[in-house]
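Undergrad: Could you put the whole structure together from the sequences, leaning on the hints where they help?
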Amino acid sequence: MQKVLFRFVKQAVSIARKLTDAALMQISDPAGNGVAGWKHAVLHFLRKHMDATLTEVLDWAEEMERVRAALALRRSEFIGPSALCKSFDRAPMAVWRELLRLSSELLDQSGHAAIDATYFDRREASSHYLKRCDRDVRTVQATFLVDTAQGAVIDVHCSAKWPNGTNIGPQVALRNAGDLLSLAADKGYDDMSFRDALRAEGVRPLIKHRVFAPYDHAHNARIDDERYHQRSICESVNSVIKRSYGSAVRARAWYRQFREISLTAAVYNVEQAVKP
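Here the sequence shown stands for residues 45 to 320, where the numbers follow our numbering.
It should be emphasised that the hints constitute simulated quantities derived from the structure, not laboratory data.
There could be a bad hint or two in this list.
Said to hold, decoys possible - Taking lysine-lysine and the DSS-like style, the derived pairs with C-alpha atoms no more than 27 Å apart in a straight line are:
(1) 92 with 286
(2) 54 with 286
(3) 205 with 231
(4) 319 with 92
(5) 47 with 92
(6) 231 with 252
(7) 54 with 319
(8) 47 with 286
(9) 252 with 205
(10) 92 with 54
(11) 231 with 286
(12) 319 with 47
(13) 319 with 286
(14) 47 with 62
(15) 62 with 231
(16) 319 with 231
TA: Okay, here's the thing in structure tokens:
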């Protein structure tokens with residue numbers, strides 16, 4: 045257990061240290077507390093991995109000699125729980141998405157990906173969305189882009205408005221188009237403009253057509269079944285993440301919930317990379 049935990053910490057350190065200086069400055073305390081931004085990121089990875097509170101993860105890390113060495117921190121140099129909480133707020137979603145992308149590189153990737161959405165329960169709906177949507181928002185929609193080789197989560201899009209897949213699919217897929225050869229998706233992503241945009245980027249769309257006419261059957265018959273059915277890998281990853289880390293987000297604010305889901309996916313990637 046200790047060996048796996050330390051391997052996890054080493055991989056988290058290698059990922060966090062690859063962040064750009066601008067991203068690291070967004071995580072670290074602007075007032076300066078002697079703890080670099082990458083160390084904050086590693087502690088957040090460790091917190092999710094150990095399913096611990098802010099206080100617990102700091103107490104454990106402070107008592108683990110090898111973890112202290114990896115973080116280059118002495119016992120007296122560890123930050124407090126409030127400082128760690130604030131660093132989670134300071135870094136925008138783009139930083140957590142970048143950490144997710146870096147974590148996915150620990151796993152083998154084929155370039156053949158699948159996209160699918162799942163839902164996380166909210167423990168408490170934010171007043172922000174209650175006012176804007178005029179309804180009680182009970183779930184967060186998370187759309188995962190997963191490589192089918194080893195199930196690496198490449199990207200995630202979160203929303204509390206449950207948008208249609210034809211609106212979210214292009215956002216997620218096209219910003220990662222340079223790393224993709226093909227994209228499999230169910231009929232919820234059926235849109236010709238989406239297919240055309242993928243082809244323009246050199247990505248083969250494997251998206252089933254909704255059947256309105258006989259020629260839709262012909263379109264579906266031309267799809268590579270073996271590649272298309274690997275879409276189930278994305279569904280499996282969604283299920284594993286929810287069973288391993290819970291199907292509900294703990295944060296109360298909507299923006300923290302989005303970051304929590306992105307961090308969870310990154311921790312999942314690292315755990316898959318270091319498991320025996």
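Undergrad: Against each hint, give a clear statement of whether it holds in the structure.
TA: Taking the hints in turn, this is what the structure says about them:
Simply put, residue 92 and residue 286 have alpha-carbon atoms about 13 Å apart, close enough for the 27 Å limit, and the pair holds. With a C-alpha separation of about 25 Å, the suggested pair residue 54 and residue 286 falls inside the 27 Å cut-off, and the hint holds. Taken as a hint, the residue 205 and residue 231 pair is honoured in the structure, with Cα atoms around 20 Å apart against an allowance of 27 Å. For a cut-off of 27 Å, the pair hint linking residue 319 to residue 92 stands: about 16 Å separates their Cα positions.
For the proposed pair residue 47 and residue 92, the alpha carbon gap of about 18 Å is at most 27 Å, so the pair holds. The straight-line distance between the Cα atoms of residue 231 and residue 252 is roughly 5 Å, inside the 27 Å bound, and the hint therefore holds. Among the hinted pairs, residue 54 with residue 319 is consistent with the structure: their alpha-carbon atoms are about 13 Å apart, no more than 27 Å. At roughly 25 Å between alpha-carbon atoms, residue 47 and residue 286 fall within 27 Å of each other, so this suggested pair holds.
Distance hint between residue 252 and residue 205 is fulfilled; the C-alpha atoms sit about 24 Å from each other, no more than 27 Å. For a cut-off of 27 Å, the pair hint linking residue 92 to residue 54 stands: about 15 Å separates their Cα positions. With a C-alpha separation of about 23 Å, the suggested pairing of residue 231 with residue 286 holds against the 27 Å cut-off. Of the supplied pair hints, the one linking residue 319 and residue 47 holds, its CA atoms being roughly 10 Å apart against a limit of 27 Å.
Between the alpha carbons of residue 319 and residue 286 the distance comes to roughly 18 Å, so the proposed pair stays at or under 27 Å and holds. The suggested pairing of residue 47 with residue 62 holds, with an alpha-carbon distance near 23 Å, which does not exceed 27 Å. Our distance criterion of 27 Å between C-alpha atoms is broken by residue 62 and residue 231, whose separation comes to about 37 Å. Between residue 319 and residue 231, the direct Cα distance comes to roughly 34 Å. Violation of the 27 Å bound is thereby established for this hinted pair.
Of the numbered hints stated above, those contradicted by the structure are hints 15, 16, listed in ascending order.
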